[in-house]
Amino acid sequence: MVNFNLPNRLTLSRIVIVPVIVVLLMFPGRWTCLIAALFFIMAGLTDLMDGRLARMNNQITNLGKFLDPLADKILVSSVLIMLVNNGWVPGWMAIIIICRDILVMGLRAIAADEGIVMAADKYGKLKTVLQMIALVPLVVHYELLGVPVHDIGMIVLYISLALTVFSGYNYFITVYRNWRERSLG
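To convert, count from 1 in the sequence shown and add 110; that's this note's numbering.
Bear in mind the hints are in silico, worked out from the structure with no lab data behind them.
Be careful, since some hints might not be right.
Label pairs and their in silico Cβ distance ranges [stated by the list, open to error]:
| # | residue 1 | residue 2 | range |
| --- | --- | --- | --- |
| 1 | 226 | 200 | 31 to 37 Å |
| 2 | 290 | 155 | 37 to 43 Å |
| 3 | 175 | 195 | 29 to 35 Å |
| 4 | 141 | 293 | 54 to 60 Å |
| 5 | 290 | 231 | 16 to 22 Å |
| 6 | 197 | 144 | 26 to 32 Å |
| 7 | 114 | 155 | 18 to 24 Å |
| 8 | 167 | 139 | 39 to 45 Å |
| 9 | 226 | 194 | 29 to 35 Å |
| 10 | 175 | 257 | 35 to 41 Å |
| 11 | 289 | 180 | 20 to 26 Å |
| 12 | 272 | 197 | 43 to 49 Å |
| 13 | 213 | 144 | 31 to 37 Å |
For clarity, every value in this text was computed on a predicted model and none was experimentally measured.
For every residue, glycine included, the Cβ atom is placed at its ideal position computed from N, Cα and C.
Turn these sequences into a full structure, and let the hints guide you.
Here you go:
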């Protein structure tokens, strides 16, 4: 039976917010971008809350384990695609970030099929946090109170991109070592 407890509802709300953000970014202006950024922040906060609530209330479910990383990828990928569409982020950056996430999800599925559990490591978690931090000023895009928020967002996005590549490499090395140990031992 599917368990729609509060943490899982929060995760689902993150997915439901995505179309709102996408529509707002289809009409980029100061106000629509600011509103889209507020929705993005709300979605990011649900990411912080859902896991904590699930652990605190002993409500960790298989649905939550599946939906949480999926919701993160849907949110980040959708926003990145819209930022590329608006000409605010280079396409190659979005491609690297999205492809890495797809590859790691596939790797996790293959590893799980072979009994290897691949929880998110500290680099993967930090990557997600940095991406979320970078995307807020990139969504705002327009100068805010004299601050070039887009430039700040790009700096953080470059840092998160480096961590994206490193953490992806780290996942592959971890799985390779596990497979090697299993085949040798």
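To see whether the hints hold, each was checked on the structure:
Checked against the hint of 31 to 37 Å, the C-beta distance between residue 226 and residue 200 comes to roughly 35 Å, which is consistent with it. Taken as a hint, the range 37 to 43 Å holds for the pair residue 290 and residue 155, whose Cβ atoms sit roughly 40 Å apart. Checked against the given bound of 29 to 35 Å, the beta carbons of residue 175 and residue 195, roughly 31 Å apart, stay inside it. Between residue 141 and residue 293 the beta carbon distance is about 58 Å. The supplied range of 54 to 60 Å therefore holds.
As the Cβ distance of residue 290 to residue 231 is approximately 18 Å, the hint placing it in 16 to 22 Å holds. A C-beta distance of roughly 19 Å is found between residue 197 and residue 144, which places it outside the suggested range of 26 to 32 Å. One distance hint, 18 to 24 Å for the beta-carbon pair residue 114 and residue 155, holds here, with the actual separation near 19 Å. In this structure the hint that residue 167 and residue 139 lie 39 to 45 Å apart at CB holds, the actual value being about 41 Å.
Separated by about 34 Å at the C-beta atoms, residue 226 and residue 194 satisfy the suggested range of 29 to 35 Å. For residue 175 and residue 257, the hinted distance range of 35 to 41 Å is satisfied, since their beta carbons lie about 38 Å from each other. Separation of residue 289 from residue 180 is about 25 Å and conforms to the stated range, judged on CB atoms against 20 to 26 Å. The supplied range of 43 to 49 Å is broken by residue 272 and residue 197, whose beta-carbon atoms lie about 23 Å from each other.
With their beta carbons about 34 Å apart, residue 213 and residue 144 fall inside the hinted range of 31 to 37 Å.
Of the numbered hints listed earlier, those contradicted by the structure are 6, 12.
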